[in-house]
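J.: Residue-level listing of the chains:
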Amino acid sequence: MTDIILETRNLHRRFTSGGGLLSRRTVIHAVNGVNLQVRRGETLAIVGESGCGKSTLARLLLRLIEASEGQVIYDGRDLTALPGPQMRALRAEMQFIFQDPFSSLNPRMTVETIVGEPLLVHDRLTDAQRRAKVGDLLARVGLRPEHADRFPHEFSGGQRQRISIARALATSPRLLIGDEPVSALDVSVQAQIVNLLEDLKADLGLTLIVIAHDLAVIRHMADRVAVMYLGEVVELAPTEALFTTPRHPYAQALLSAIPVPVPGAGAERQVLGGDLPSPANPPPGCRFHTRCPFATDRCRTERPALADVALGARNGHQVACHHHASIPTPALPTARAGSRSPASERRFALWRAATNTTTNKESTHDHP
Amino acid sequence: MTAAVAAPHPAPKRAPNRAWKKLRANKAALVGTFIVAVFVLLAALAPVLPIADPTATNWGAIRQPPSVTAWLGTDEIGRDIFARMIWGGQASLMAGVVSVAIAVLVGVPFGLVAGYFGGWTDSIIARTTDALLAMPFLILAIALAAFMGPSLTNAMIAIGLSAVPIFIRLTRGQVLAVKTEDYVEGARAIGLGHVRIMARYILPNVLPPIMVQATLTIATAIIAEASLSFLGLGQQPPAASWGSMLNTAKNFLSQAPWMAIWPGTAIFLVVIGFNLMGDGLRDALDPREH
Chain A
0 MTDIILETRN
10 LHRRFTSGGG
20 LLSRRTVIHA
30 VNGVNLQVRR
40 GETLAIVGES
50 GCGKSTLARL
60 LLRLIEASEG
70 QVIYDGRDLT
80 ALPGPQMRAL
90 RAEMQFIFQD
100 PFSSLNPRMT
110 VETIVGEPLL
120 VHDRLTDAQR
130 RAKVGDLLAR
140 VGLRPEHADR
150 FPHEFSGGQR
160 QRISIARALA
170 TSPRLLIGDE
180 PVSALDVSVQ
190 AQIVNLLEDL
200 KADLGLTLIV
210 IAHDLAVIRH
220 MADRVAVMYL
230 GEVVELAPTE
240 ALFTTPRHPY
250 AQALLSAIPV
260 PVPGAGAERQ
270 VLGGDLPSPA
280 NPPPGCRFHT
290 RCPFATDRCR
300 TERPALADVA
310 LGARNGHQVA
320 CHHHASIPTP
330 ALPTARAGSR
340 SPASERRFAL
350 WRAATNTTTN
360 KESTHDHP
Chain B
0 MTAAVAAPHP
10 APKRAPNRAW
20 KKLRANKAAL
30 VGTFIVAVFV
40 LLAALAPVLP
50 IADPTATNWG
60 AIRQPPSVTA
70 WLGTDEIGRD
80 IFARMIWGGQ
90 ASLMAGVVSV
100 AIAVLVGVPF
110 GLVAGYFGGW
120 TDSIIARTTD
130 ALLAMPFLIL
140 AIALAAFMGP
150 SLTNAMIAIG
160 LSAVPIFIRL
170 TRGQVLAVKT
180 EDYVEGARAI
190 GLGHVRIMAR
200 YILPNVLPPI
210 MVQATLTIAT
220 AIIAEASLSF
230 LGLGQQPPAA
240 SWGSMLNTAK
250 NFLSQAPWMA
260 IWPGTAIFLV
270 VIGFNLMGDG
280 LRDALDPREH
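Protein sequences, first through last, are from chains A and B. Quick note: the first sequence, position 240, residue 239 per numbering that gives the first Met the number 0, numbers continuous. Quick note: the second sequence, position 248, residue 247 per numbering that gives the first Met the number 0, numbers continuous.
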């Protein structure tokens, strides 16, 4: 298939710590045999709780850290085997947006230098050309040209994230990976940045991989979602399929934890027992079996592979669970509407009427 | 891409040199710079100033208190202290600045490489540094100076090399802290090479504490030169340096206190001057502080 821009094959990453004279070496298996295919032009979200290896996976995809095992194929080239100079040249095509906008910009560089830096490496431009291009990029992400002379500390979190995005766009990349690009921002600013990323993706034909733990953001942005648990992808599905019919027990628990802004609709939340097992000592078999309400003996010994939910499933919904066929799909509270009281229903109607008259495309994005 | 470049856009204006502006607004830094400038000027102009011969002895006027003929008095063999102060300033300032320059130029790159690359490179450099730091600074300087032979130049090199481990350790520690910042990983994600990342992303962010350490070490180096001179390993008699003057003066503290007061005051002022200057420079170079 030619529409695959990025693919991982049995990707592993282990971190070792300790191993001194007296301490025992601990090995943390942060990413354990991940096989993913990212289609050109799509938005793929990777979700999971803290410590499940999603940030590690994101860095592996761009070879910001080295893989312990396995391959990352970008456009037919194996990144894990590429020599240094070729890898650096290829970085023009793939860019990264960091979570924390307060530590991802060099405090001693002006915005112009920061955004112009990738151009300095990858494009041969004169100073004047580069300055003009930086001005264009700043305008593109909604900043003013005079911001170019300022330092990062003079900006708010949202503006800093815009600077990061401008820098990421400088070399006209084809693949953009965001490691929780909005989770450090205020909710109102999150919406702006999410909309900006979507507009850019549409205008520039980008492929977007977004790491996130905010399921609302994912539902809004992503075409497909990969759910990770303890370094493994346990479910991979088109966004709507995942949000309506999650098949993996972990994904079901994750989705049932979404707060629903409807009075009286918060029932049936599945609370998982126990804590996330230590990745230094993961359980054998299915890694989720220690917390899974449906676990059997088979789950404790045999690791399930990621496989199609149903034979000939057209939408590519895949799950890694021995018992996915027999586990009931819970009714998710998000599907229910109309349970508002008559009074609140009237107020919503008024509000809807008001927003429709002052038609503003952006403000209606997150309408419930 | 070329279309985007060609698009007309008001090019952002260059920022005025804000570091220089901030330095000028900082009174303490200006005072420090002024003090250092006065001493440097006096030392540099020593050959053309109308002052007495700093080595001419006068056995009829030994240990004279300050007077109209000898402004700052005379020493134990009748030499004019004012002339010796100015000529000695040359030696002391050079010893301070040159030795620290050697220490910074050698120590910072080693610390940078050790901290940035880690692994075996780091182990070798850091363990060697630890071993060198186990020896007292002055003992190391004396040993090196004795090994290279007595002269002011050798003393400066010896003091500089002895101060290298201080800068390696300081730089390495700072690099380890800065290395984990996202912007360093961001630089790699852009496709920058190691040298460029070290020069543009790490060095500027580790420099402030190094600069403060350097100004403090200038003071230490001036005093170390005094000690080496006292042992005959630094400035060679009859040429003067503040340190050697101070060392001689300590034998006559009760009879001729002025012999100690002037070089002591000079060292004190120069050290204060360098420290104020260093603090001001650090603040001026940090874009976050206003």
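Worth double-checking, as some hints may not be accurate.
Output of the computed footprint for chain B on chain A, the stretches with three or more beta carbons under 8 Å from beta carbons of chain B [unchecked claim]:
1. 91-97
2. 287-298
Keeping only pairs whose Cα atoms sit at most 25 Å apart, straight-line, the calculated DMTMM-like set for lysine to aspartate or glutamate is [to be verified]:
3. B:20 / A:145
4. B:178 / A:99
5. B:21 / A:145
6. B:178 / B:129
7. B:178 / A:179
8. B:20 / A:153
9. B:20 / A:99
10. B:21 / A:197
Calculated directly from the structure, the hints in this document are not laboratory data. Every residue gets a Cβ at the ideal spot worked out from N, C-alpha and C, and that includes glycine.
J.: Would you mind marking each hint as holding or not holding in the structure?
T.: Each hint tested on the structure:
1. 91-97: holds (count 4)
2. 287-298: violated (count 0)
3. B:20 / A:145: The given pair, whose Cα atoms are some 20 Å apart, holds under the 25 Å limit.
4. B:178 / A:99: Since the Cα atoms of residue 178 of chain B and residue 99 of chain A sit roughly 15 Å apart, the hinted pair holds (cutoff 25 Å).
5. B:21 / A:145: 21 Å, holds
6. B:178 / B:129: 22 Å, holds
7. B:178 / A:179: 21 Å, holds
8. B:20 / A:153: 18 Å, holds
9. B:20 / A:99: 31 Å, violated
10. B:21 / A:197: Distance of about 42 Å is beyond 25 Å: violated.
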